[in-house]
Amino acid sequence: MPRSTPLGRSVRAGICAAALLSLSVPAAFAQQVPIKLGFMTVRSGALAAGGKQMEEGMDYCLAERGGKLGGRPVELITVDTAGQPATTKTRAQELVERAKVDVIIGPLAAFEALAIDDYIRQVGVPTISPSAAAEDLTQRKQNPWFIRAVGTSAQANHALGEYAAKDMKLKRVATIGDDFAFGHETTGGFQRAFEENGGKVVQKLWPPLNVADYGSYISQLRTDVDAIYASFAGGNGLRFLQQYSEYGAPVKVIAQMTTVDEGILKSMGKEAVGVISSGFYTATQDAPGNKEFAAGIRAKFGYDPGYYTAGAYVACAFLDEAVKAVNGKVEDKQALMKALRAVKLDRGPYGEVTLDEYGNPVLAVTIRKVEQKDGRLQNVVLKTYPKVSQFWVYDPKAFLANPVYSRDFPASKNIGN
Amino acid sequence: MTFWVSQSLNSLALGGLLFMLASGFSLIFGLMRVANLAHGALFMLGAYLGLAAVKAGLGFWAAALTSALLVGLLGGVMERTLLRRLAGRTLPQVLLTLGIAFIIADACLMLWGGDPMRLPAPPELSGAVRIGDAVFPRYRVFVIVASAAIALALWLLMERTRAGAMIRAAVDDVGMAQAIGISSSTLFTAVFCLGTALAGLGGVIGGPILSVYPSLDQDMLPLALLVVILGGAGSLAGAFVGAYAIGFIYTFGQVLVPDLAYVILFLPMVAVLSVAPQGLFGRRLG
Amino acid sequence: MSARVLPYAVVLAAMAMVPLVSTSPFYVNLVSQIAIAAIGALGLNVLVGHAGLNSLGFAVFPGLAAYLVAWLSTVGGIDPVTAGIFALAGTLAVSALFALVALRTTGLGFVMITMALCQIVWGAAYRWTSVTGGDNGLSGVPRPGASLLPLERPEVFLWLCLAVLALALVQLGHFFESPLGVALRGARDQPRRMNAVGYDVWRIRFAAWMLAAAWGAAAGLLYAWYHQFVSPHMMAVTASAEVLLMLVAGGAGTLAGPLIGAALVVLLKNLASIWIERWVMLLGFTFVVIVVLMPDGIVPGFTRLRGWLRRLKPAPAPTLVPRERADG
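Chains as they are written, first to last, in my numbering: chain A, 1 to 417; chain B, 1 to 286; chain C, 1 to 328.
Think of the hints as simulated: they come from the structure by calculation, not from any bench. Source: prediction; values computed, not measured. Built from N, CA and C at the ideal position, the CB exists for glycine as well. Treat the hints loosely; a few may be bogus.
What the hints assert, rightly or not - Below 30 angstroms or equal to it, Euclidean Cα-Cα: the simulated DSS-like pairs (lysine-lysine) are: (1) 100(A) x 36(A); (2) 68(A) x 55(B); (3) 100(A) x 141(A); (4) 369(A) x 291(A); (5) 266(A) x 252(A); (6) 55(B) x 270(A); (7) 55(B) x 373(A); (8) 369(A) x 383(A); (9) 300(A) x 55(B); (10) 55(B) x 266(A).
Claimed, not checked - If you anchor each label on the Cβ, the simulated ranges turn out as follows: (11) 183(B) x 301(A): 51 to 61 angstroms; (12) 183(B) x 308(C): 25 to 35 angstroms; (13) 62(B) x 248(A): 24 to 34 angstroms; (14) 256(B) x 288(A): 47 to 57 angstroms; (15) 183(B) x 10(C): 46 to 56 angstroms; (16) 92(C) x 296(A): 58 to 68 angstroms; (17) 159(B) x 308(C): 46 to 56 angstroms; (18) 300(A) x 276(B): 51 to 61 angstroms; (19) 55(B) x 411(A): 27 to 37 angstroms; (20) 131(C) x 276(B): 27 to 37 angstroms; (21) 131(B) x 198(A): 36 to 46 angstroms; (22) 5(B) x 198(A): 52 to 62 angstroms; (23) 79(C) x 67(A): 45 to 55 angstroms; (24) 196(A) x 152(B): 50 to 60 angstroms.
Same shape as in the complex, but just chain A (with noise of 0.2 angstroms):
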């Protein structure tokens, strides 16, 4: 790359700058001056439930926090990506280049991360995902400027898949799942430690994402499985488990974290009751500080809070931890990111937190089961694992040699079986 690219200019006026203010400013005058804040959520088409669920969890964060994130004020710069990726590049020039800011949180979608991944390099902009869970983003294509507030694909489903064999004894599951990055990523995490303890996969389907019924797929189910994994993105969890209750539900079904995430658990009936899956956070779960954000969440917005939710509160507190690092000096973009990286909460949604040297977070995963509980369906922990990295028991440099999670990988030796 030449000494001229964006990214060489921008750093450079960056370390000028913080230079220039920590020189000839005084410090009270400086922390008077907000900090710019871009927030990527959705608003507009299929995914803004979620975008929803995100500003509502950054909301809640500032607002405990007085508006100010590590003493300084915030200024909240908030676009709608639509769930373009196209879209999303153009957002994030605005952010970048017409608002100037110093801070990105956001985007929803791992396609949208994606579509950005090259940019926030160029431009060398801080950027937390609150949501984007592409295994690579914080493995095999990481990013300097890049961390993580929520878990990768796969990272909650390592522990499910030892768990539905050790714990839960199952010996042959059928899985099916939404056929794109996400869907693939975490059955592929799911199946590895599934069958490394002794479990089978023995089917696998992959309905498209935007399928309009999965009658001819759930007839296809095999029902001499102990269990069906299922996962399911959006409202796709919705439509399968209404389905799968309508064809009778032969076999139990055991879940990725946003088949049955508390941010759509609201709209489901009685046929997510039993249902068990595994988190990298559940609303319920006895971590420090999470029955307070749960019940705070519960009394301004009227719900549980999920994945999002989650997700963009953490992205915001880790913020707050790395701005109170750096004590203030936002403008110095390489100290804040070496601040966001070695960020860590002892208290919140997700308890204990830390970040692994990749930049994904590393925390407690729980196994928990959907009931009926207080007049609405709740997840119920019912295991713990603590501190669960995106490796899982693996080595990373193994895992990273490894090809990430696909329809092909890990392979499926047991099929028909």
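Keeping the supplied structure of chain A fixed, place chains B and C upon it in accordance with the hints.
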């Protein structure tokens, strides 16, 4: 055996659903030569209105009726105030109906939020029936029957009533129909109301299977277009056959050749159109 | 001729000077996006405005070109310019095959078959994960450029886009007035008579299809280089509909219409959205208002308005006002 039975039932249910979706579109296109690209949005609006009516305490059937009436009314207003000016002008019609679709979709998002929602089937139709070894939801049996009933009712309307005769006359030759005293203005509005009301009704009846969510419109519009084009634009029989043909092709295609799941709908259509450019039942137009 | 060229030259020059007055590269990039969208809309205009073939699958041309150049220059490791040439050639080859199927139909059949072809390519991009990256798409697409032409700089990239746009305007302006362009409109309005007087309507339409594909592919190359990222979303039905809406809103069949329509949609989507939260609804209302006031689009609407105003003036003897074709 069970495989063929259950997947055939799935195909029939999907076909029924597609007919509900496409019949209104086909009716409007047949008479008015208007490709109403707001059809998917009206379908979604119907589903949302039905859900709102159910939440407001109406029963499922009353909700379906209310929703059909409201969407039909909206369709009538659309036709009277806007589409009327654009008779015979395809491109402005495309711009208008897509513009309206944008407005409806965004309004639904504003009014009801982005959360996907369940539209519960009426209690008398919940649960499953057993046919041999195959398990099949009762509600889907209803969808199969209901779509056949609607098809029959539409056929009777077209073939056995005076209004139907007028519509058929106008389809064949608008000028001649007007010359013999048929008010095509009223007829057009009536047909547009009926066509959009069918979209609204379809939205409510499809709701318990599809659920109600933003972008339902974008998922449905291409399917409606597919049915209509495969069967032949503007022919009710064509829409019926097209819907069930797609129900079978889609269901069995997805099951037997999963690698082609995304294109299974479009390959047969390309094949049909390159052999019979007017669709299976279409008539050649002027 | 020069009087006709002047307004285009002024507009393009104004667009080229945005970097000199802009306070932020954001606006420069926005103008690049307008130029890219306009090149695509100009390509579609050949089919919709002049051949009378309404397509709901135009995104397949830019989509194929963008995927090809992205794949060749990342996975394939070929330098961006060569990759771009191969991508253009590849897109034209596939388009020629598609023409064999698509041009069998007209009217609604053509609308649907183009949509179907685009959906098939979209489906392949989505499902064939090992090659296309599935919904994650392909990222890290390198921009071409050397020390002489640093295309990573927004203003230089804008000038490249404007140069291509100017080329498109000149080429298409000439084409529409050439015998082939006239024959194309003849085949649109009176296909049977054209056949009867000895024109091969299919061949004329094929030429139009390939021309549309070529400019669509050019837009696709610029798109891939601009975003440095491709994903299946760029071939969704909504993406094709968006180009069609730009064209119809601006005025199908006119040369300026696609440019104005592209500017309108890109600005509403990316500039108005800064201040207006419900920009999708605004977009919808804008289309409805355009249809109500100027059913044939902005450019024909203003042409008519101008003619009407001229007639109000007590001025010189009435001249024939060149009227744009109303779609029949």
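Here's how the hints hold up against the structure:
A threshold of 30 angstroms between alpha carbons decides the hint, and for residue 100(A) with residue 36(A) the separation of about 7 angstroms falls inside it, so the pair holds. Restraint check for residue 68(A) and residue 55(B): not satisfied, since their Cα atoms lie roughly 41 angstroms apart, outside the 30 angstroms limit. At roughly 26 angstroms between alpha-carbon atoms, residue 100(A) and residue 141(A) fall within 30 angstroms of each other, so this suggested pair holds. Between residue 369(A) and residue 291(A) the alpha-carbon distance is near 18 angstroms, which keeps this suggested pair within the 30 angstroms criterion.
The suggested pairing of residue 266(A) with residue 252(A) holds, with an alpha-carbon distance near 21 angstroms, which does not exceed 30 angstroms. Proximity of residue 55(B) to residue 270(A) is assessed by CA-CA distance (about 17 angstroms); at most 30 angstroms being required, the pair is judged to hold. Under the criterion of a C-alpha separation no larger than 30 angstroms, the hint pairing residue 55(B) with residue 373(A) is consistent with the structure, at around 22 angstroms. A threshold of 30 angstroms between alpha carbons decides the hint, and for residue 369(A) with residue 383(A) the separation of about 10 angstroms falls inside it, so the pair holds.
Annotation: proposed proximity of residue 300(A) to residue 55(B) holds, straight-line Cα distance about 23 angstroms (limit 30 angstroms). Taking the CA atoms of residue 55(B) and residue 266(A), the gap is about 15 angstroms. The hint holds against a cut of 30 angstroms. A C-beta distance of roughly 54 angstroms is found between residue 183(B) and residue 301(A), which places it inside the suggested range of 51 to 61 angstroms. Between residue 183(B) and residue 308(C) the C-beta distance comes to about 33 angstroms, which sits within the given range of 25 to 35 angstroms.
At about 29 angstroms, the CB distance of residue 62(B) to residue 248(A) agrees with the hint of 24 to 34 angstroms. For the pair residue 256(B) and residue 288(A), the supplied restraint of 47 to 57 angstroms holds, since their beta-carbon distance comes to about 53 angstroms. Separation of residue 183(B) from residue 10(C) is about 52 angstroms and conforms to the stated range, judged on CB atoms against 46 to 56 angstroms. Range check, residue 92(C) to residue 296(A): about 59 angstroms between beta-carbon atoms, so the 58 to 68 angstroms window is met.
A beta carbon spacing of about 49 angstroms between residue 159(B) and residue 308(C) agrees with the range 46 to 56 angstroms that was offered as a hint. Between residue 300(A) and residue 276(B) the Cβ separation comes to about 60 angstroms, which falls inside the hinted range of 51 to 61 angstroms. At about 48 angstroms, the beta-carbon gap between residue 55(B) and residue 411(A) misses the expected band of 27 to 37 angstroms. In this structure the supplied range 27 to 37 angstroms holds for residue 131(C) paired with residue 276(B), their Cβ-Cβ distance being about 34 angstroms.
Remark: the range hint 36 to 46 angstroms for residue 131(B) to residue 198(A) is upheld by a beta-carbon distance near 37 angstroms. In this structure, residue 5(B) and residue 198(A) break the distance hint of 52 to 62 angstroms, their C-beta atoms being roughly 36 angstroms apart. About 50 angstroms separates the C-beta atoms of residue 79(C) and residue 67(A), a value consistent with the hinted range of 45 to 55 angstroms. For residue 196(A) and residue 152(B), the hinted distance range of 50 to 60 angstroms is satisfied, since their beta carbons lie about 57 angstroms from each other.
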